[in-house]
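Residue numbers (full-length UniProt numbering), protein chains in the order written: chain A, 1 to 279; chain B, 1 to 248; chain C, 1 to 314.
Take these hints with a grain of salt, some might be off.
To be verified - Ranges between beta-carbon positions, derived for each pair: (1) Gly-57/B / Asp-136/C: 40 to 50 angstroms; (2) Ala-128/A / Arg-126/B: 31 to 41 angstroms; (3) Arg-239/C / Gly-13/B: 47 to 57 angstroms; (4) Glu-128/C / Ala-128/A: 47 to 57 angstroms; (5) Gly-57/B / Ala-124/C: 30 to 40 angstroms; (6) Ser-120/A / Glu-152/C: 37 to 47 angstroms; (7) Ala-167/A / Val-260/C: 42 to 52 angstroms; (8) Gly-263/C / Ala-277/A: 34 to 44 angstroms.
To be clear, the hints were calculated from the coordinates, so they are not data collected in a lab. Keep in mind that this is a model prediction, so the values were computed, not measured. Where a beta carbon is used, it is the ideal one built from N, C-alpha and C, also for glycine.
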Amino acid sequence: MTLALATPLRLPARRLASFGWATTIAGVICLLVALTALLAPWIAPHDPTAVDPLNAYAPFSAAHPLGTDDLGRDLLSRLIAGSRTSLAGPLVVIVLSGATGTAIAVAAAWIGGWFDAAVSRVLDILFAFPGLVLAITVTAVFGAGFLAPVVALSLAYVPIIARVMRAAALRERSLPYVEALRVQGFSGWHICRRHLLPNLAPLLVVQAAISFGYAMIDLASISFLGLGLQPPAADWGLMIANGQPSILAGFPQQSIAAAVAVVITVVAFTVVAERMASR
Amino acid sequence: MILEVTDLRKVFGSHVAVDGVSFGVGSGGSLAIVGESGSGKTTCARIVAGLERATAGTIRLGDLTDKSDRKSRARMVQMVFQDPYQSLDRRQTVASCLDEVLKFHGRDERPRRTKELLDLVGLDQRHAKALPKQLSGGQRQRVAIARALAPEPRLLILDEAVAALDVSIQAQVLNLLADARKATGVGYLFITHDLSVVRHVCDDVIVMHRGKIVEAGPVEKVLTSPEADYTRKLVGSIPRPGWVPTRA
Amino acid sequence: MSALLEFDRLRVEIPTPVGPRPLLRSVSLSVAAGEAVGLVGESGSGKSMTARSVLGMLPGGSVATGAVRFRGVDIGGLDPAGLRRLRSRDVAMVFQDPRASVNPVRTVGDFLTEVLRERGMSRAAAREKAGGILADIGVDRLAHRLKQRPYELSGGMLQRVVIAAALAGEPALILADEPTTALDVTTQEEVVAILDEQRRQRGTALLFISHDLELATAVCDRIAVMYAGEIVEILPAARLHEDARHPYTKALLKARPGSVPPGERLQTVPGVPQSAIDAPAGCVFADRCPVVEPLCRDTIPVLTAGVACHLEVS
């Protein structure tokens, strides 16, 4: 009997090309943004919080490639420093909502019956509530900062993740291999942990990557409204907001630079996520 | 008797799927349940396997009692499913699939036992490292049979287990099932719509129609001189040399 | 007898990163007007692809060489309008799963009259004709049936409707791709009986694709056995058991559980069914053939006198 090779081995270069150029570029951008965030303190040319009023609104120069803001802080350094909180926020959101949403989804799909019905109704109600509004309300009650908006947004994202994962878990659960495992005597806990979850993982990663972009925009909006991190912290959403008076003064660099960073990052992550989803 | 089912009844909502069915399988015996879709044959199999709960009736499986745990039940009865493409975890290699079951049932010398099981179903070490997607339908069904035999059950339920296979592969798997029965003394409960398969591998047969048994007896007798009208119709509709299809 | 449908060394290739790979190696077969030919083989043999090539429905990007001729006209050379005419008037197709091949939200009446209306027949005339065909194939309560939707019908009844729709266009050829595989055996008997009776009455030719040799034999005049993208043997259906000469045909016949007394071992072919992509360079069956000789491995046998086998022709 011969063992059929499903697909011929593909060279990495050919494999890369098969992703298409848009995805490759988006992937590289994601990687660069992530690296920037990781190495921010070491690669920022200036101290992002160092105020230099004499040098306010400096134009583009070798010392300040993106110029300076109203307080004379180096914009590039603030952009680099801001990448940390701007990425960390959505990351925490997708990890929290991904873990909680998947746990709820798998439990609902596995236990079924009244439990599934109850969970589904609660998710529907949460789903009907706009995530951003929820996050703003929670922040208004518990105070601005990093944690409150992130936790509130995670809560708002749980139903989004849970809905998709529940449908997938139900589909997976109905496959004969799960029944075969039950006939083998394995416990539901074992089957969910060792078989169901690993098979759902690829979908979860895709869902998380798609949600990452939305979470980033939502968190930037919260910061923009002044409910997120407070000055003098460097954060992209905050930078867009703080740059507003400068626009009127004829120096739009700060808002534009931060907005462009948000847009590029969100688009890059979404392109990569869409590509993963279509595979 | 390894399996004795008495007055089995299963109701889904207002639909009676199985209606007062009784049958039994002797130790090392082989019983076929034949019927068309909606006859209730698969429901019977799923109840015996513990995947569904009977509405009424009793099922005696060897020395199992109501207090027996899942594990002892698994060592009494196992099942092979119809679809070889979905009855294995797609992320798991053949060896790890068998090892997981052997470990769960506390078997020693697992690598040796894995090899024995693969030998029994005609697969080799190369297949052991393969993922399901690298195997053909017939090879996957062999893996499913090896996995079902791993806990050394006394009864194996085969739910249309060869229906999805090509003729030449089906022949290989039928031979393999005959060998496995000889080697292990396992009894078979064969759920199928294919009467030529029944004739080849089973000793006894029950014919089900709309949830009820319409005829039961030794295979040779039921298939060559069927008494019930439905059995006659069923036997008459199998394509065979010289067969002319007719409209009812 | 001039051929209605003729496959002339049809070869279909699909481009892959490692160069073109065959889906069909070489298919030569003719179907006369009013004749029924069974195309039999295991999965991957290319029998469905062969049927689909008649309607110009090959996988995207594939390249066909050789020819498929209908009434002497090469289908590969037809313009889109010509292809549409062929599909709507001359050739009808019946698929394996009736649920997947009927629009689920339209009524049976709409489905049956669609082709007739397209040809400019009035609504009333089309309804009458469709009803007549349903009556011919033994469907009762016609007015009620025409108003029903597919989900209200059983699989067997729905496949009858599909066959009625195929007949309604009065095609010269029906392609039936495993039309009863999804049905129960007793329903299968009725559906093939209807198909057989109606096409004989109307003089319609039939290309019947099946994995079941006995079933194909019952409704066809000739049987063509396919393996790995080639036809390896063609013979009269009535002589299948007596005259089979190709080792693969013989192996298929012997592998059926009914071919040996109960309890005896079935004769099996080692290995798994191959598709054209993984078939050996010479005879497609060389890898699994019990009587293979060195010649078989590198020289392709030509289909002569109904069989493509070096050992039978010499």
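Hint check results:
no. : hint                                      : verdict
1   : Gly-57/B / Asp-136/C: 40 to 50 angstroms  : 46 angstroms, holds
2   : Ala-128/A / Arg-126/B: 31 to 41 angstroms : 54 angstroms, violated
3   : Arg-239/C / Gly-13/B: 47 to 57 angstroms  : 53 angstroms, holds
4   : Glu-128/C / Ala-128/A: 47 to 57 angstroms : 53 angstroms, holds
5   : Gly-57/B / Ala-124/C: 30 to 40 angstroms  : 56 angstroms, violated
6   : Ser-120/A / Glu-152/C: 37 to 47 angstroms : 30 angstroms, violated
7   : Ala-167/A / Val-260/C: 42 to 52 angstroms : 48 angstroms, holds
8   : Gly-263/C / Ala-277/A: 34 to 44 angstroms : 53 angstroms, violated
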